[in-house]
Amino acid sequence: ELKVEQNPLFLSMQEGKNYTIYCNYSTTSDRLYWYRQDPGKSLESLFVLLSNGAVKQEGRLMASLDTKARLSTLHITAAVHDLSATYFCAVDNSNSGYALNFGKGTSLLVTP
Amino acid sequence: EAGVAQSPRYKIIEKRQSVAFWCNPISGHATLYWYQQILGQGPKLLIQFQNNGVVDDSQLPKDRFSAERLKGVDSTLKIQPAKLEDSAVYLCASSLDLAGHEQYFGPGTRLTVT
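Protein sequence lines, in the order shown, are assigned to chains A and B. Position 98, counted from 1, in the first sequence is what this note's numbering calls 98; the numbers after and before it change by one each time, with no gaps. Numbers in this note's numbering are just positions in the second sequence, counted from 1, shifted up by 1000.
Simulated from the structure, these hints should not be mistaken for laboratory data. Honestly, I wouldn't trust all of these hints.
As the list claims (entries may be wrong) - Computed spacing ranges between beta-carbons, pair by pair:
| # | chain 1 | residue 1 | chain 2 | residue 2 | range |
| --- | --- | --- | --- | --- | --- |
| 1 | A | Gly16 | B | Ala1005 | 21 to 27 Å |
| 2 | A | Asn7 | B | Thr1076 | 34 to 40 Å |
| 3 | B | Gln1041 | A | Ser94 | 38 to 44 Å |
| 4 | A | Glu1 | B | Ala1020 | 28 to 34 Å |
| 5 | B | Asp1063 | A | Ser94 | 27 to 33 Å |
| 6 | A | Thr20 | B | Lys1071 | 43 to 49 Å |
As the list claims (entries may be wrong) - Here are the simulated lysine to any residue pairs, SDA-like style, with alpha carbons at most 20 Å apart:
| # | chain 1 | residue 1 | chain 2 | residue 2 |
| --- | --- | --- | --- | --- |
| 7 | B | Lys1062 | A | Ser96 |
| 8 | A | Lys104 | A | Lys17 |
| 9 | A | Lys41 | B | Ala1030 |
| 10 | B | Lys1044 | A | Ala78 |
| 11 | A | Lys41 | B | Ser1087 |
| 12 | A | Lys3 | B | Asp1057 |
| 13 | A | Lys68 | A | Glu15 |
| 14 | A | Lys3 | B | Leu1039 |
| 15 | B | Lys1044 | A | Asp30 |
| 16 | B | Lys1044 | A | Val80 |
| 17 | B | Lys1015 | B | His1101 |
| 18 | A | Lys104 | B | Lys1062 |
| 19 | B | Lys1044 | B | Ser1027 |
| 20 | A | Lys104 | B | Arg1110 |
| 21 | B | Lys1078 | B | Ser1066 |
| 22 | B | Lys1011 | B | Leu1084 |
| 23 | A | Lys104 | B | Lys1015 |
| 24 | B | Lys1011 | B | Val1113 |
| 25 | B | Lys1044 | B | His1101 |
| 26 | A | Lys41 | A | Lys3 |
As the list claims (entries may be wrong) - Partial pick of chain B residues on the chain A-facing surface, computed with a CB cut under 8 Å:
| # | residue |
| --- | --- |
| 27 | Tyr1033 |
| 28 | Asp1056 |
| 29 | Gly1106 |
| 30 | Gly1108 |
Quick reminder that beta carbons are idealized off the backbone N, C-alpha and C, glycines included.
Take these sequences, add in the hints, and give me the full structure.
Dropping the structure here:
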């Protein structure tokens, strides 16, 4: 069974600060995804990481993938209140029909 | 391009009642997924269809849950009878095909079982 662990599960940070969310997964996967979910809303795709060493950036968020360590990071630079949300990482695998296996999510609160 | 549509958006039922959810995937998407998201957790796959065939239903509680995608387009997920622990958001997602294409999620149906 493919397991995905995120940490921290809860994160409160001040505006302007930097922080990193970590995502570990247990077995080889084909792709790693980062999603954002606002309260009461569905999942919004942020990044899809395909290969070892992949790095993608969008605004204040940057995601990276190390397939050898089975680790992805989501780095937040100079946080702003609008980034407050829950962030999920997920991996897929051809052995499971490419269905997504999600972590428990990181609930991020950015305060003034 | 229209996204994944789901209805209803909210449903409140009593335990032991039945309920059905509907999903219309993005046009042309062959693969359809139903996920269950319990409050405070990540989504968990219930069932996956490729056209009108089931790819994976290993995590579907088949004693009470059923799903179909008869014409390979729309899908319905049914719970009968519902239990308190079925309270969750039910998310439908679709992708172009099985081969690792990105999944697009619908708005979800929030079910409360009292």
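Does His1101 (chain B) sit within 20 Å of Lys1044 (chain B), going by the straight-line distance between their CA atoms?
Between Lys1044 (chain B) and His1101 (chain B) the Cα gap is close to 18 Å, so the pair holds against 20 Å.
Q.
Between the alpha carbons of Lys1044 (chain B) and Ala78 (chain A), is the straight-line distance 20 Å or under?
A. Violated. Lys1044 (chain B) to Ala78 (chain A) sits at ~32 Å, over the 20 Å cutoff.
Using the beta carbons of Asn7 (chain A) and Thr1076 (chain B), state whether their distance is inside 34 to 40 Å or not.
Since Asn7 (chain A) and Thr1076 (chain B) have Cβ atoms about 37 Å apart, the given range 34 to 40 Å holds.
- 20 Å limit on alpha-carbon distance, applied to hinted pair Lys104 (chain A) and Lys17 (chain A): 24 Å, violated
### chain A contact restraint for Gly1108 (chain B) - C-beta distance below 8 Å
Holds, because the Cβ-Cβ distance from Gly1108 (chain B) to chain A comes to roughly 5 Å (cut-off 8 Å).
Pair hint outcome, Lys3 (chain A) versus Asp1057 (chain B) [Cα-Cα no greater than 20 Å]
Holds, because 18 Å separates the two Cα atoms, which is no more than 20 Å.
So if I understand the rule, the pair passes when the alpha-carbon distance is 20 Å or less; does Lys68 (chain A) with Glu15 (chain A) pass?
33 Å, violated
Q | Straight-line alpha-carbon gap Lys104 (chain A) to Lys1015 (chain B), limit 20 Å | A | 27 Å, violated
- Query: Within 20 Å, alpha carbon to alpha carbon, are Lys1015 (chain B) and His1101 (chain B)?
  - Reply: Roughly 37 Å separates the two Cα atoms, so the pair is violated.
Is it true that the C-beta distance of Glu1 (chain A) to Ala1020 (chain B) lies inside 28 to 34 Å, as the hint says? About 29 Å separates the Cβ atoms of Glu1 (chain A) and Ala1020 (chain B), which means 28 to 34 Å holds.
Hinted pair Lys1011 (chain B) and Leu1084 (chain B), Cα distance within 20 Å
13 Å, holds
Next item on the list: Decide if the proposed pair is consistent with the structure: Lys104 (chain A) and Arg1110 (chain B), CA atoms, cutoff 20 Å inclusive.
Entry: Distance ~18 Å between Lys104 (chain A) and Arg1110 (chain B) Cα, so the pair holds.
Consistency with the previously given hints fails for numbers 1, 3, 8, 9, 10, 13, 16, 17, 18, 19, 23 and 26, ordered from lowest to highest.
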